[in-house]
Amino acid sequence: MLTEQQLHGIYLPVVTPFLPGGELDLESFHKLSSSLISQGIDGLVVNGTTGESPTVSCEELSLLSAAAKSAIGASKVPLVLGTGTNDTRASVKKTELAGQLGADAVLAVVPYYNKPSQQGLIAHFRKIAEVGIPVVVYEIPTRTGVSLELDTMRTILEIDGIVGVKDCSGSTELLKGLQASGHHKPFLSGDDTKLLEFLEAGAAGGMLVSAHVHTQKFVQIYRHFRMGHMEQAQVMFDELMPLMKLMFEEPNPAPVKWLLAELGAISHGTLRLPMVEIGEELRRKLRETRVLPGDALAL
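With this note's numbering, letter number 231 in the sequence shown gets 239, and the count goes up by one each step, no holes.
Please keep in mind that the hints were generated in silico from the structure rather than gathered at the bench. Any given hint could turn out to be false.
[What the hints assert, rightly or not] Below are the EDC-like pairs computed for lysine to aspartate or glutamate, each with C-alpha atoms no more than 16 Å apart in a straight line:
1) K202 - E181
2) K225 - E247
3) K293 - E257
Input sequences plus hints: build the corresponding full structure.
So, in C-alpha cells, the structure goes:
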C-alpha cells in the first residue's frame, strides 16, 4: 500500500498501446513500462487519462495491471491504477478491482461533465476512500468542468485513505492555501511545464506525460532540486521546455503516442476514438525538436 512518504519524485502516467485494430498491445506496454522503470521513475501510473482510461474496460485493466506488475518485478516501484469516473458507484467498483489486482494506490479524477457541488465532490471521494486502498485525488478542471475549492480540498484530505493530490489546475494556489492552513499531504504537479514552480511551492514531485521521453533527465531535474542544485535543475528544465510544450499542442495522449511510435518505443501510435492522430504540422515540429544541440530525441 502506498504511503504518503512514497508519493514523491517523478511518477509516469504511462500510455496504453493499442494494435492497429484497437486491441491492447501488451507486448509494447510491457516493453515501455520496463524501460521507464529502469530509468529511475518513482511510480508507474496505469489507466490514467494518458492511458485513455475512458475507453479501457475492467477486463483490459486487469491485463494491464498484470503486465505492469511483471515489468515492475523486484524494483518496488509503486503501481497506481486509474479508477476515477463520473459515476461514484463505477469508481468504487473499479477501486475494489484495483485492490484485488494488488495495486498500491488508485488515481481518482474529479467527476467530469456532471459538475457536482462541492459537497457532492466530498461525498464522492469519501465513498472511494472507504474501499480501503490509498487514493490520490486528481484535480484537472479544464477537463472536468469543476474545480476543487480550498475548503473542499481541505476536507477531502482529512478523509482516511486519501494520501495526496495530482494537481493539473495550472496554479499553485491550492497547494499554497493548504500549506498555509497546516495541511501537508503530498502534491504532485500534473502540469509538465509547471514542475519547478510546483516544487518551489512545496510539491512532492510530478506526474508527467513528457517524461515518457528523456526520462532520466526528468528524474535528474527532480534529484537536482532536492539536493539544492537549483541552477542545474533550471538549465535542464529549460532545455526540455520546447518538447513539453509540443506534447500538449494537440490533445494528450495523441502527441506522445505518435512520438513513442516514431522512436520505436511502442509498435503503433493507435488511439481509440474519439481521440485521433496528430496532424502533419505537429509531426514536423516533433521530428525537428532537438532538446540539446545535436541531441536526437531518445528514450
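Tested hints:
1. K202 - E181: holds, 13 Å
2. K225 - E247: holds, 10 Å
3. K293 - E257: holds, 10 Å
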